[in-house]
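Student: Use these hints to put chains B, C and D onto chain A, whose structure you have.
Residue numbers (the UniProt record's numbering), protein chains in the order written: chain A, 1 to 242; chain B, 1 to 235; chain C, 1 to 235; chain D, 1 to 201.
Calculated directly from the structure, the hints in this document are not laboratory data.
Here are some chain D residues pointing at chain A (derived, C-beta under 10 Å): (1) I3; (2) I39; (3) A40; (4) V54; (5) P55; (6) P79; (7) A89; (8) F92; (9) L97; (10) K161; (11) L166; (12) V183; (13) L189.
Fair warning: this is a prediction, and the values are worked out from it, not measured in the lab. A virtual CB, placed ideally from N, CA and C, is assigned to each residue, including glycine.
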Amino acid sequence: MKKENSFLKSCDPRVKFVLALLYAIIVAITYNFSLLVLASIFSLICLLLSGLSFFYYLKRLGLVNLFLVFVLITLPFTTPGEEVFKIKFLSASKEGVSLAFLIFFKSNLIILTTTALLSTSSIFELAHALHHLFLPSKLVQLLFFTFRYLHVIEKEFWRLKDAAVVRCFVPRTNLFTYRTMAYLVGSLIVRSYDRSQRVYEAMLCRSFNGTFPVYHHFHLRKKDILFGIFGVTYLVAILILC
Amino acid sequence: MALLEIRNLCFGYPQHSVFEDFDFSIFPGETIGLMGPNGAGKTTLLRLIVGLIKPQRGEIIYKNRICREEKDFRFLRREVGLVFQDPDDQLFCPTVAEDIAFGPLNLGVPREKIPGLVKETLDILGLSGFEERVTYRLSGGEKRLVALGTVLAMKPKVLLLDEPTGDLDPRNIERLSKILNKLSAAKVVVSHDLSFLKTIAEKIYWLEDGKLSLYYDVSSYDSSRLISLDRSIFH
Amino acid sequence: MALLEIRNLCFGYPQHSVFEDFDFSIFPGETIGLMGPNGAGKTTLLRLIVGLIKPQRGEIIYKNRICREEKDFRFLRREVGLVFQDPDDQLFCPTVAEDIAFGPLNLGVPREKIPGLVKETLDILGLSGFEERVTYRLSGGEKRLVALGTVLAMKPKVLLLDEPTGDLDPRNIERLSKILNKLSAAKVVVSHDLSFLKTIAEKIYWLEDGKLSLYYDVSSYDSSRLISLDRSIFH
Amino acid sequence: MHISEGVLSAPVLIAGALGTGIGTFIGLKKISVEKVPQIALLSAAFFVASLVHVPLGPSSVHLVLNGLVGILLGLATFPALLVGLFLQALIFQFGGLTTLGVNTFNMAFPGVVVYYLFGPLVRSSRSLIAGVGAFLAGALAILLSGILVAFELTFTGESFKAAAKLILAAHLPVMIIEGIVTVLLVSFLKKVRPEIFGQEV
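Excised from the complex, chain A in its bound form (with noise of 0.2 Å):
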């Protein structure tokens, strides 16, 4: 899936990060196509130096979630201006169609480009880098061990979940899946919550004080701060003209 060493993938995450946020906050905020036009140029040159395979994209794009899907069906609809065309008495309007249109390439070239710069960070990495930009540091260690045990729990969950299709559990729509459903979740939360006990104890037996150490420290090197100012001139210039 993911191809090693490319430029991306060994680039700082910490001016991966900054440049992703850049990015998003501009294309969101935008409603100006050709500044979007320019924004893809450097989307394009992201994905290039990811390294991440055409097939990767796609299936991150399929994931698109439903909420756009309400808003691109609706738009051409309500939107006042010249029609287009007609599906019985509703009529589409051009101004409606294109405007469903901006959203959908914005929303794309943002997922594109996120995905580019940030998924060739682990996001062990991603929460280091957080670490070091601006975030408050319980925050980022909320963050560091909600990610830990993420696995540890959803692999209990699919254990319980399979102990139930053992016994012969089928879901299906009546008060008894809802209860088996609110049985595996709960015994989810009170394990997590005896666990959590567990682990802070496992931190003082290690003579945890209060804060906590961090061992890993980023390097910038040359090309990480030229990809970084390339990165942010090219923005702010296409924000500027455009």
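Tutor: For chains B, C and D alone, kept in the frame of chain A given last:
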């Protein structure tokens, strides 16, 4: 005739294959012990049998019915019960009674028969009166017995047990072995504990590199002798 | 002179008492095995020693210092390390290196010495080169070893291990036993596995009803003989 | 429901980010260092729970449970959900960076509201009162989330009104299911680990 049969089973993960052309059969009422190193695929085998994971190739046949799709395995699971390694994975209901009733309710046992069935199951386990106990707060040994009970209540024809002795102390292991010996169901028991297996199984197999080899046979050997196999781990 | 001593310890839960006037001592370098039925308080004892729970009465004395309050136990925990039963509880950092570095960094080991210390610890465990591995993706056996490593890196004088063999297979148990035998720290090892304990401990005690009794003594008995104790469980 | 990137207008995005920022700031202040693992693990548990699909007729809906998160975590709901949604954005591309503030606010704010409105009821020792409180907490948290989403869309532009109505309507069945599941969950937790309710920050 075999009650459950595995034929030409192939299963593997992208990196390595676990089973290649694996065959195995279980006859009514017999008890088979299964040993082998970590990662040899013992748990995987049990999960394949009940269809929690599907093989890449090969057949799992229960009562002459070839099980391929989820609906076939739903039929199989009505009579083939799996007891998980960690009882905490198996028990998710608030009380012991609800946990034991879960399987039978899924099988469509009428609600009015449930209390009697729960009581009967608890009696077999020597846990009479445990109905309203909170499952989560039971001791480790009690949890293991209740986990077994959740499957026993479904009156399985084949019982698959994954490391049932886990962290049990000798007293509880003996108790478990007595309970298992009273059951008429066929059993496949995965365990690292040879002396425990000897108390319940007729045949003990060694699973390694996707191959089964007979390791110990109660019927043809003196019970104090081990088949001498040149195994490096036992130096 | 005892390195760690427990005197007249009393501890219990509202329903039942676990320890009453319990005494125990650990001498430098010795290894003590601890067996007993489920729920006898073996884990509770380890937790009491490091002060995760506080006794109702009695004293825990480490290096002649009576530990009563949290700050006393902080001092004790710098040199008395507990390895938890479930490695997932113990390994809470993203990578192996960070997990092993956590304790030493808290103890104030200078940052530049950390990579060397991590490497040294991994070498002892036979896990050289595991530094950047993500902990949650390790196998069960590797997790157990790394969990041990997180405590070893703090160079403890006393090592407390709770069921370290867990679900390990014979091969990994032997590996663990070799590692433990190389360590100079005093050790208290809770386990159900007598044959494992025999390979590492000089004395094995049986804990039941809040009382310790000598169960097996390597120094005074032939290694193939068990102390004959009239235990109903062994009929 | 997570709002996608590129839909909302700048003022709405900024307001959402500000609201979440303030909520998170207050929430973090209330979390002592020793509570960090607890909040994190509960946050992870709710993340996993939100992947659970519950059948509803021929289709299925996924659990949200922001009412229960609110009841259990109080003001710590903001940081807990912020972290969860951030991870969802990174792992699944649900929501995104610019909408993180708005999406967190839409889920966490109702959580905090039901914490203050129904927390005392849910904590009641009488199971009927606790059950009613749990249902209202679960259902109202979803309704409030839906209203917030609809409001934000309408504020972005008049042409989003139809989408807003559709989305609000989609929240109604979820509301009922969340109410029921929250009742069952609360009764489970009270039976198995009642301490969990005494631990809100």
